[in-house]
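Participant: The residues making up each chain are set out below.
There are 2 protein chains.
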Amino acid sequence: MTRAVSPSDAATLSYEHAGVDYDLIDPLKVAAQRAAAATGTHLAAHGFREVTASRGESAYVVDVGPFYLASIVECLGSKALVADEMHRLTGKSWYDSIAQDTIAMAINDLITVGATPLVVQAYWAAGGSDWFGDAERAQALVAGWKRACDTCRVAWGGGETPALAGIVADGRIDLAASCTGLISPKERLSVGDELGPGDAIVLLASSGIHANGLSLARKLVERLPQGYLTEVAPGFTYGEALLAPTVLYSPVTEALHHAGIRPHYCANITGHGWRKLLRHPAAHTYRIKHVPEVPPVLRFIQQHARQDDREAYSTFNMGAGFALFVKAAEAQKAVEVAQAQGVAALVAGHVEAGAKKLVIEPLGIEFGDDALKLR
Amino acid sequence: MTRAVSPSDAATLSYEHAGVDYDLIDPLKVAAQRAAAATGTHLAAHGFREVTASRGESAYVVDVGPFYLASIVECLGSKALVADEMHRLTGKSWYDSIAQDTIAMAINDLITVGATPLVVQAYWAAGGSDWFGDAERAQALVAGWKRACDTCRVAWGGGETPALAGIVADGRIDLAASCTGLISPKERLSVGDELGPGDAIVLLASSGIHANGLSLARKLVERLPQGYLTEVAPGFTYGEALLAPTVLYSPVTEALHHAGIRPHYCANITGHGWRKLLRHPAAHTYRIKHVPEVPPVLRFIQQHARQDDREAYSTFNMGAGFALFVKAAEAQKAVEVAQAQGVAALVAGHVEAGAKKLVIEPLGIEFGDDALKLR
Chain A
62 MTRAVSPSDA
72 ATLSYEHAGV
82 DYDLIDPLKV
92 AAQRAAAATG
102 THLAAHGFRE
112 VTASRGESAY
122 VVDVGPFYLA
132 SIVECLGSKA
142 LVADEMHRLT
152 GKSWYDSIAQ
162 DTIAMAINDL
172 ITVGATPLVV
182 QAYWAAGGSD
192 WFGDAERAQA
202 LVAGWKRACD
212 TCRVAWGGGE
222 TPALAGIVAD
232 GRIDLAASCT
242 GLISPKERLS
252 VGDELGPGDA
262 IVLLASSGIH
272 ANGLSLARKL
282 VERLPQGYLT
292 EVAPGFTYGE
302 ALLAPTVLYS
312 PVTEALHHAG
322 IRPHYCANIT
332 GHGWRKLLRH
342 PAAHTYRIKH
352 VPEVPPVLRF
362 IQQHARQDDR
372 EAYSTFNMGA
382 GFALFVKAAE
392 AQKAVEVAQA
402 QGVAALVAGH
412 VEAGAKKLVI
422 EPLGIEFGDD
432 ALKLR
Chain B
62 MTRAVSPSDA
72 ATLSYEHAGV
82 DYDLIDPLKV
92 AAQRAAAATG
102 THLAAHGFRE
112 VTASRGESAY
122 VVDVGPFYLA
132 SIVECLGSKA
142 LVADEMHRLT
152 GKSWYDSIAQ
162 DTIAMAINDL
172 ITVGATPLVV
182 QAYWAAGGSD
192 WFGDAERAQA
202 LVAGWKRACD
212 TCRVAWGGGE
222 TPALAGIVAD
232 GRIDLAASCT
242 GLISPKERLS
252 VGDELGPGDA
262 IVLLASSGIH
272 ANGLSLARKL
282 VERLPQGYLT
292 EVAPGFTYGE
302 ALLAPTVLYS
312 PVTEALHHAG
322 IRPHYCANIT
332 GHGWRKLLRH
342 PAAHTYRIKH
352 VPEVPPVLRF
362 IQQHARQDDR
372 EAYSTFNMGA
382 GFALFVKAAE
392 AQKAVEVAQA
402 QGVAALVAGH
412 VEAGAKKLVI
422 EPLGIEFGDD
432 ALKLR
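So the sequence lines, in the order shown, correspond to chains A and B.
Residue numbering for the first sequence follows the numbering used here, beginning at 62 and increasing consecutively.
Residue numbering for the second sequence follows the numbering used here, beginning at 62 and increasing consecutively.
Just so you know, these hints were derived from the structure itself, not from any lab.
Be careful, since some hints might not be right.
Identical copies carry no separate label here, and so any pair may be met within one copy or between two of them.
Here are the simulated lysine to any residue pairs, SDA-like style, with alpha carbons at most 20 Å apart [claimed, not checked]:
no., residue 1, residue 2
1, K247, P127
2, K247, L104
3, K207, A99
4, K247, F109
5, K247, G108
All chains should be built: construct the whole structure from the sequences, respecting the hints.
Facilitator: The following block contains the structure:
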């Protein structure tokens, strides 16, 4: 995956070209993870203990006795830059959509461990007081944030709206959300200890790019004849398509609980695309027999970035926003529960004994154990 | 408080000159608070309920049955700009200090409602991958964060380290922390319903400016002959003095609990300085008989910004970082408990029946009901 930079129009545009250099970030991440791991024992002073298996998972879990406590902080990333540019081009505010994206980043991670999200806190750090002077944009942000909380039935506890001139770029905003939830009853905890051969892989549909891969999607604009206003389908621009808000999956995981279905494991398909299906630390083979329909915007990106399927599926969600690993006997019912919540789903494959790899049979792609390094 | 801008060297430098215009931010804040308040009822769907009195307090509280859950997100603000400038001037990294400040912003707010902080999540959003390439600075950030977690005996659950080129300014970092805690036993909840006449006001010492008022402190540098390297005391520069890390008060509130002292109310003295003593919504008179020693850096700022006491105490903590409102009979013991944790404290005054105001007798200052509008 290390290639010459400066891609021409004819070359593949991969994530490495898009300006995020994980080689620089990873040493800090590793140091932070080690230091963080050493603090888990502090909980004993308060009569509690961490669920150590949650380290390296998408949310951190503490055993507080009658239930587990789960918490997380997540940021939107660079999708706000697309909203800002589309506002410039169309005059419309897209902040209601990216508010939902921001909450989705936190909620969809929190639910992977089996938690019911209860409280969201807003972190909206602007490049100066002036940002808040655009009342239409500010109201759109509030309205979208509220609507996403309503969809997920979480309480919006409050938050922080600092004006950080000199730290956040002038005219921009850094959007993030923290989320706290409970895993109750405790049997709902899903950190993967029950995942095993025979389990089915159910994929929940995405609405588009969600909020991962935006650096590449923004880079691609340079290649498009009309930039963000290039049509991906008649009357539907690239910019609009990118800004479809991320699906909120907590209504599905809550409905699964009420239907008596307890996932053995969950993976939120975000950065690293389908390689996130390899998230669980154990050695299993994940065999995909059916792939979901690819949203037009992702097919469009794949074509214009000249990515082969391997590159595309290792970068984008390609139509699968969230993966549930459930008992085979419950897979079809899980699909029905998701669809009753308005989220398309399919039984895409299964887990089997074997070397750690992901095999996407319909596309002839394999990702091995070395494809995803998160721990 | 609205004066002509463009202060000359002879003029008072007030917070309004420092570039944060609350008139622009407040309409969004009000809209967000209203929308947020309407989401509290969602908790019933999960069998829980919000503690409505916590809306408008420093942390949001949910009744989850056996105990209360408290959560918050807070940011450092512009203190990182001081650290960056001091690094340029001295070659030393100050990120261990501002890591502690960031955690203090969250922890010191969370404990006001009676919570034991359990989990901190790190939010470190850099202006690009390059930020993380400075290994010394990155390691200082990790080390300071870890040490603050150790001091507060909280678990560092994880976090987010995005590279946000185009959103966060090049070479800068936006530092924030979210924190989750429990209020257990439930009697520890302190949202002020027991606050009343006769209660003592115990003030816990600050270490300096903490992380509030930095916009003004940075603006002041323009007036100083040697900028950040101007001495506030022999061998002790203004920049160093500003970067003294914020005191972490959770060891004190935990020790108070173990000593059987339950504050009726707490106020974290941050933005708006001593006006935060008026935080509680009820009408009481707060009478201060003794003021703590003013840290040299704050006395220095007051002098060079040509602020009178009224302006200084309405902007900075002036030596009081945290206020405990306790039964009069427990006040002296509360002081001893704090001092046993290494935090200087004094019984500064008391609450009495009367119009809502703060009277700082030794300085001849009063702040009325209109001095603080947070709700």
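Participant: So, for every hint listed, does it hold in this structure?
Facilitator: Each hint, compared with the structure:
| no. | hint | result |
| --- | --- | --- |
| 1 | K247 <-> P127 | both (8 Å within a copy, 15 Å between copies) |
| 2 | K247 <-> L104 | both (18 Å within a copy, 19 Å between copies) |
| 3 | K207 <-> A99 | between (37 Å within a copy, 9 Å between copies) |
| 4 | K247 <-> F109 | both (14 Å within a copy, 16 Å between copies) |
| 5 | K247 <-> G108 | both (17 Å within a copy, 15 Å between copies) |
Checked against the numbered hints given earlier, this structure breaks none of them.
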